[in-house]
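Asker: As a plain string of letters, each chain reads:
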Amino acid sequence: MKPILEIKNISKKYKLRGQESPYLTFRDALTSGFKKKQSKDEFWALQDISFDVYPGESIGIIGRNGAGKSTLLKILSRITPPTKGEIIARGRIASLLEVGTGFHAELSGRENIFLNGSILGLTKQEIKSKFDEIVDFSGVEKFLDTPLKHYSSGMQLRLAFAVAAHLEPEILIIDEVLAVGDAEFQKKCLTKMGEVTSEGRTVLFVSHNMGAVKNLCPKSVLLNEGKIILEGKTNKVVESYLQSNSIIKDIKDRKDRKGSGEIIIESIQLQDLNQKIVDSVFLGQSFQIVFNYKVKRNIDNLDFFTFGFSLKTDMGVPLFLHHNRINSVEFRISEIASKSSFTIKIFDFPINKGLYSIDYSLLHNKIHFIDHLENAFILEVLDGKIYNNINNPPTSHGFYLINASWSLK
Amino acid sequence: MSTNIEYVIKPQKGISLNLKEIWAYKELFYFFTWRDIKVKYKQTFIGFLWAILQPFLTMVIFSVFFGKLLNVPSDGIPYPIFAYSGLIIWNVFASGLTSSANSMVSNANIIKKIYFPRLIIPMSSILVSAFDFLMAFTVFIGLMIYYKVAITFQLLIFVPASLILTIITVFGLGSLLASMNVKYRDFRYIIPFMVQALLFLTPVIYPVSIITYPWAKYLIAVNPMSGAVNLMRGAITHNYPDSLLLGISVISAIILFFAGLLYFKKTEAYFADIA
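Quick note, the sequences are listed as chains A and B, same order. Under our numbering, think of the first position of the first sequence as 1, with each following residue one higher. Under our numbering, think of the first position of the second sequence as 1, with each following residue one higher.
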């Protein structure tokens, strides 16, 4: 059997421009016309990517933000051409890079189904024949003739996914669609995707939700800095991804951070209360997380610092947030300049075993981001002793463990 | 399900028009045009009537100021219909150019996420303007009846010829500006001035006959829209426009057409990266 997708030595180069000018101005072109062409900073988003996909396979594409996953999908869906290499495709490719593409707020739900369907590659005939199914799946039939701008964001999303779920390309590309929506709808989507994969459709699935990747894709590819570092059974690839992520606590080179950048968190460490570095923590344990920072630029005119982090499940559900103002601790400029880390002590950690992700934020004046990074760190929690529990319920029954006792009265 | 599709994704080299592909995407082309027409008049009380009212009101203003107060000559036909004939075809150019030049930027969110032949986008915005023309044209016929201008078979030659010349021009200039606009947003500000300046270089308000410098009328003819306006006027004056002047306009339109098309095709692959 011939592969349905042959990806051969794909590389993609981007030219980097300063943050101040996201697009060129005419003046730049006019003035640079007189100057010698300077070699701009180049950045290889993908380097020499090769793999084959056979009909009916579902492949997960895993990697940190900035690893090149989205670039690969963009090339596959022909939105941007590769710089080198080629891909031979033997079937229609449809991508759900973001559901709801082309939705127009002024048009009604009905009109948007047709417009969106057509943009995603369905023919008018196909949309007509699937119309009822789409409406049914979306659950917005009452509002079909209402302009989309009056829909809630949840309704818009449901409608968008309903259209997308009824595409029937030979190769379906899915990127992060599950990051949004309520839990019930996410479940519906996962079920639908399960159906799609079991129908023998070829699926490329990009997600940060390791559970979903494991469920849907037997095989996975792990990308890092534009290169394939591992390809094979999903269980192994996911394991290796999570491990590498918790070992690499150095986040100096992360490119996906946001904020003005006067202060940058360079690494994150997990320590027990005796300052011994650990790589995971136990349920019920007390420990500390150390966010090592470096002052990059003058911070004299910044004031009122807030540093905090939140813990999320692998589905992106936030579990808690903590920052220094919650128990009114002040971080003063003079102190920040002479110290080197934000450290939080956590006592009797009540979160069940599993893998959790940490987002942190450093702000000044409550609203201005200095540094912010999502999925900065993966926290691994192992089963442990908490309260007077003899055993702990599994994580599927809840993330929190509470201190309680039973009696007959 | 068709499993015999096979295609190759590789770095872009050279330019190919790929008309077959555009044909394959004709439904999307239709949907984009349909969307733009729908959205244009959504949430307006009189809806499509705006397509008629806009040129009509402009005509009234022009007739009062240029026709009555300034006594601009109009080649012996009533000034209102003289101005209206120029205005409706000018509007195809003006609104077609403005919307097609901005079309790639305003549809950037779709361009960044879905593949389709990019040319569909400026093409459909031009079609929206052509649709407005058809609406406004009904009033044109009304005016001809009102001013007792004979409606002859020439209408069937001059009007489509004028419209085609305009569409070729708008397409060329529009796709050129659309792709430049993706790269240099300066054009967003340049375009309104360009349209305004060109209005004065096109015999919409005045007849070509008032230009007395012998060379100036050739210069004006380089602007393809002057050819298009003269063709529209031909439908009321029943005179064939000067063929040399018309020839210059047509050649200039064709040059614009290919220049725009080639530049667009050359740059389209990277729209998603820089839009």
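Calculated directly from the structure, the hints in this document are not laboratory data. One should not assume that every hint holds.
[Stated by the list, open to error] Distance windows between CB atoms, simulated:
#1 F258/B to S152/A: 47 to 53 Å
#2 W23/B to G154/A: 34 to 40 Å
#3 R185/B to K149/A: 24 to 30 Å
[Stated by the list, open to error] Listed below are the simulated BS3-like cross-link pairs for lysine-lysine, each with C-alpha atoms no more than 27 Å apart in a straight line:
#4 K128/A to K10/B
#5 K10/B to K219/A
#6 K112/B to K40/B
#7 K128/A to K26/B
#8 K8/A to K26/B
#9 K26/B to K15/A
#10 K112/B to K149/A
#11 K266/B to K124/A
A virtual CB, placed ideally from N, CA and C, is assigned to each residue, including glycine.
Asker: Against each hint, give a clear statement of whether it holds in the structure.
Answerer: Each hint tested on the structure:
1. F258/B to S152/A: 47 to 53 Å: For F258/B and S152/A the Cβ distance comes to about 49 Å; the hint holds.
2. W23/B to G154/A: 34 to 40 Å: holds, 39 Å
3. R185/B to K149/A: 24 to 30 Å: Cβ of R185/B to Cβ of K149/A: about 26 Å, so the range 24 to 30 Å holds.
4. K128/A to K10/B: Violated - the C-alpha atoms of K10/B and K128/A are around 34 Å apart, more than 27 Å.
5. K10/B to K219/A: holds, 25 Å
6. K112/B to K40/B: holds, 23 Å
7. K128/A to K26/B: This hinted pair holds, its Cα atoms lying about 17 Å apart.
8. K8/A to K26/B: violated, 32 Å
9. K26/B to K15/A: Outside the cut-off at roughly 34 Å; violated.
10. K112/B to K149/A: Holds, because 22 Å separates the two Cα atoms, which is no more than 27 Å.
11. K266/B to K124/A: Violated: K266/B and K124/A sit about 31 Å apart, past 27 Å.
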